[in-house]
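**Q** In the order they appear, the protein sequences are chains A and B. Residue 8 is where the first sequence starts when you use the working numbering, and the numbers rise one by one after that. Residue 8 is where the second sequence starts when you use the working numbering, and the numbers rise one by one after that.
Fair warning: there could be bad hints in the mix.
Said to hold, decoys possible - With the C-beta cut set under 8 Å, the calculated list includes, among others, these residues of chain B facing chain A:
#, residue
1, Ala122
2, Pro214
3, Asp265
4, Ile295
Claimed, not checked - Okay, the calculated beta carbon distance ranges per label pair:
#, chain 1, residue 1, chain 2, residue 2, range
5, A, Ala66, B, Ala289, 33 to 41 Å
6, A, Leu207, B, Thr50, 52 to 60 Å
7, A, Ala33, B, Asp276, 55 to 63 Å
8, B, His166, A, Lys17, 23 to 31 Å
9, B, Glu175, A, Thr213, 26 to 34 Å
10, A, Ile315, B, Thr310, 26 to 34 Å
11, A, Pro292, B, Pro292, 22 to 30 Å
If you are wondering where the hints come from, they were derived from the structure by calculation, not from laboratory data. This structure is a prediction, so every number in the text was calculated from the model and none was measured. Note that CB positions come from ideal geometry on N, CA and C, so glycine has one too.
2 protein chains.
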Amino acid sequence: MSQPSPCPAKIEINEVAPRDGLQIEARFVPTEEKIRWIDALSTTGLRRIEATSFTSPKAIPNLRDAADVVTGIQRREGVDITVLVPNVKGTERALACQVDEINLVMSASDSHGLANLRMTPEQSLEQFAAILDASKESGVFINASLSTTFGCPFEGDVHEARVLERVEKLIDLGIQGVTLCDTTGMANPAQVKHLCEAVLERWPETPFTLHFHNTRGMGLANALAAWQAGISRFDSSLGGLGGCPFAPGATGNVCTEDLVHMFEAMGVDTGVDLDALLEVAATLPDLIGHDVPGQVVKAGKSTRRYAIPSVHA
Amino acid sequence: MSQPSPCPAKIEINEVAPRDGLQIEARFVPTEEKIRWIDALSTTGLRRIEATSFTSPKAIPNLRDAADVVTGIQRREGVDITVLVPNVKGTERALACQVDEINLVMSASDSHGLANLRMTPEQSLEQFAAILDASKESGVFINASLSTTFGCPFEGDVHEARVLERVEKLIDLGIQGVTLCDTTGMANPAQVKHLCEAVLERWPETPFTLHFHNTRGMGLANALAAWQAGISRFDSSLGGLGGCPFAPGATGNVCTEDLVHMFEAMGVDTGVDLDALLEVAATLPDLIGHDVPGQVVKAGKSTRRYAIPSVHA
Numbered sequence: 008m009s010q011p012s013p014c015p016a017k018i019e020i021n022e023v024a025p026r027d028g029l030q031i032e033a034r035f036v037p038t039e040e041k042i043r044w045i046d047a048l049s050t051t052g053l054r055r056i057e058a059t060s061f062t063s064p065k066a067i068p069n070l071r072d073a074a075d076v077v078t079g080i081q082r083r084e085g086v087d088i089t090v091l092v093p094n095v096k097g098t099e100r101a102l103a104c105q106v107d108e109i110n111l112v113m114s115a116s117d118s119h120g121l122a123n124l125r126m127t128p129e130q131s132l133e134q135f136a137a138i139l140d141a142s143k144e145s146g147v148f149i150n151a152s153l154s155t156t157f158g159c160p161f162e163g164d165v166h167e168a169r170v171l172e173r174v175e176k177l178i179d180l181g182i183q184g185v186t187l188c189d190t191t192g193m194a195n196p197a198q199v200k201h202l203c204e205a206v207l208e209r210w211p212e213t214p215f216t217l218h219f220h221n222t223r224g225m226g227l228a229n230a231l232a233a234w235q236a237g238i239s240r241f242d243s244s245l246g247g248l249g250g251c252p253f254a255p256g257a258t259g260n261v262c263t264e265d266l267v268h269m270f271e272a273m274g275v276d277t278g279v280d281l282d283a284l285l286e287v288a289a290t291l292p293d294l295i296g297h298d299v300p301g302q303v304v305k306a307g308k309s310t311r312r313y314a315i316p317s318v319h320a
Numbered sequence: 008m009s010q011p012s013p014c015p016a017k018i019e020i021n022e023v024a025p026r027d028g029l030q031i032e033a034r035f036v037p038t039e040e041k042i043r044w045i046d047a048l049s050t051t052g053l054r055r056i057e058a059t060s061f062t063s064p065k066a067i068p069n070l071r072d073a074a075d076v077v078t079g080i081q082r083r084e085g086v087d088i089t090v091l092v093p094n095v096k097g098t099e100r101a102l103a104c105q106v107d108e109i110n111l112v113m114s115a116s117d118s119h120g121l122a123n124l125r126m127t128p129e130q131s132l133e134q135f136a137a138i139l140d141a142s143k144e145s146g147v148f149i150n151a152s153l154s155t156t157f158g159c160p161f162e163g164d165v166h167e168a169r170v171l172e173r174v175e176k177l178i179d180l181g182i183q184g185v186t187l188c189d190t191t192g193m194a195n196p197a198q199v200k201h202l203c204e205a206v207l208e209r210w211p212e213t214p215f216t217l218h219f220h221n222t223r224g225m226g227l228a229n230a231l232a233a234w235q236a237g238i239s240r241f242d243s244s245l246g247g248l249g250g251c252p253f254a255p256g257a258t259g260n261v262c263t264e265d266l267v268h269m270f271e272a273m274g275v276d277t278g279v280d281l282d283a284l285l286e287v288a289a290t291l292p293d294l295i296g297h298d299v300p301g302q303v304v305k306a307g308k309s310t311r312r313y314a315i316p317s318v319h320a
């Protein structure tokens with residue numbers, strides 16, 4: 008691996024559980040519970056919360072209450088509310104709710120784009136142009152998430168040159184921030200480091216966010232590699248909620264509290280109050296009705312102390 | 008973090024599940040099943056297998072068949088059989104079984120040593136001197152594992168200076184290899200990198216092995232950090248078996264197949280045939296009677312392909 012790394016002293020977390028986590032849950036979380044949960048999250052020091060998705064209620068029934076959620080939550084200074092939108096109609100609905108940021112999604116690989124969005128990357132870019140047009144006067148930050156950046160569950164390898172070409176098109180179009188997504192947990196740390204160095208060198212002014220899944224246990228190792236390359240923005244999901252409908256058996260997103268725990272232990276400032284975050288994480292099994300993959304909430308922080316057992320126990 | 012890293016092109020795995028994994032299981036795995044399992048493991052390209060422990064049957068009833076296991080397994084060229092021994096008596100029993108290597112254990116922290124071994128570190132060192140004496144003529148490689156190197160569940164931080172002092176005593180005594188153990192998953196990647204760089208700089212001729220637990224999800228991130236510092240030897244446990252009786256809720260050792268999967272994906276040669284290893288890992292739930300934490304065996308390798316779903320599904 009190459010020259011000395013910048014290793015940012017501070018990182019920013021975008022909490023995606025309310026959108027990426029809830030969308031594939033079996034149970035609809037009632038609107039009031041979602042609002043209470045997001046309000047609790049927004050007091051923990053997270054920089055940004057992806058609160059919901061303004062898609063058609065038929066496509067993602069769990070998020071059919073998008074507008075009620077965004078208008079119901081308490082807005083706090085320093086916590087940006089971002090939402091996913093698929094098209095101009097969703098953009099208009101989102102803007103009517105005064106969101107701070109809009110997140111668009113396209114796939115780096117054609118077959119994933121067709122399966123997930125029913126669009127080729129070219130069609131996604133056309134859609135994005137229309138969305139940029141529709142949001143221009145709002146001044147809202149427009150981010151785009153590039154799925155299957157590190158590999159496609161249908162096609163396999165997605166070459167770095169292809170990813171860079173997609174990123175270039177996004178930036179040329181006027182997209183302000185780009186999220187590189189390891190949608191089904193195929194990335195490895197060497198690959199992550201290489202791609203992150205490449206995008207940071209080529210587009211030093213663009214805020215890049217990294218989005219990992221812990222499908223094969225490499226979530227935190229990949230986040231470490233991205234950070235070593237100079238990345239300071241991460242998507243993550245409380246409790247490790249989430250997954251991908253096209254990769255059965257796949258576990259969820261990298262877990263927010265485990266990510267915060269690792270970076271804080273390393274002396275990196277995440278801005279998050281880990282104890283407060285762990286309290287919210289501990290309420291998750293009740294909220295969604297099942298156990299979640301997050302580990303720190305079960306094991307306790309690495310600073311946890313145990314009583315010395317009796318020698319004759 | 009400091010200067011460019013050596014990042015070894017090859018690493019070696021020491022499979023510890025038959026010892027560190029089985030010792031805390033509720034069920035005794037019958038000797039014949041242990042032998043079949045270790046024989047299967049020894050065909051996968053693992054460099055070393057910690058097959059059992061020659062402790063008193065009362066202390067670790069699950070490993071009461073130590074001599075039968077070691078004399079029953081097939082020995083293969085290139086696969087060293089190592090065993091844990093606590094004292095001279097255990098050493099003599101192990102040597103009688105023609106082991107290739109002996110592993111000793113002491114704690115970096117006093118209270119963990121007293122709780123786990125009923126010995127202070129000083130008493131452990133006296134024991135080790137007697138063991139070195141007893142094994143001198145055998146020519147068998149003597150390794151020592153230093154528990155709680157990255158933190159103690161009772162005392163908290165274990166300062167690096169104290170760890171370096173313990174390592175120095177071990178090496179001065181004649182110990183040939185040292186394993187730095189994160190016994191209850193308290194290590195973080197920055198700490199790991201710092202300590203690994205320190206020991207490799209100070210004792211470049213000593214083989215150092217790193218032993219991580221995945222208690223707080225950082226197992227692979229810590230292994231990555233150690234490798235970046237120049238470490239090429241790792242302990243790991245099939246399926247992520249293992250744990251620590253003094254840290255309830257703690258998950259097991261870093262998972263061998265997940266570790267091999269990560270490093271192979273990065274282009275690092277582990278010597279292991281991952282497909283063969285995954286086949287053995289898939290038999291684990293039957294062998295021990297419960298599910299295990301390993302993720303790649305569930306999700307498949309990152310090269311796994313899925314069929315493109317029907318667009319109208």
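**Q** For each hint, tell me whether it holds in the structure or not.
**A** Cross-check of the supplied hints:
For alanine 122/B, the interface hint holds, since its Cβ comes within 8 Å of a Cβ in chain A; the closest pair sits about 6 Å apart. Among the interface hints, the one on proline 214/B is violated; its C-beta lies about 23 Å from the nearest C-beta in chain A, farther than the 8 Å criterion. About 4 Å separates the beta-carbon of aspartate 265/B from the nearest beta-carbon of chain A, less than 8 Å, and the hint is met. Interface restraint check for isoleucine 295/B: the shortest CB-CB distance to chain A comes to about 20 Å, outside 8 Å, so the restraint is violated.
Take alanine 66/A and alanine 289/B: their Cβ atoms lie about 36 Å apart, and the range 33 to 41 Å holds. One distance hint, 52 to 60 Å for the beta-carbon pair leucine 207/A and threonine 50/B, is violated here, with the actual separation near 44 Å. At about 43 Å, the CB distance of alanine 33/A to aspartate 276/B disagrees with the hint of 55 to 63 Å. In this structure, histidine 166/B and lysine 17/A meet the distance hint of 23 to 31 Å, their C-beta atoms being roughly 27 Å apart.
A hinted range of 26 to 34 Å for the beta carbons of glutamate 175/B and threonine 213/A is inconsistent with their spacing of about 49 Å. Judged by the Cβ atoms, the range 26 to 34 Å given for isoleucine 315/A and threonine 310/B is violated: they are separated by roughly 47 Å. Distance hint check for proline 292/A and proline 292/B: the Cβ-Cβ separation is about 24 Å, which falls inside the suggested range of 22 to 30 Å.
Hint violations for this structure: numbers 2, 4, 6, 7, 9 and 10, all remaining hints satisfied.
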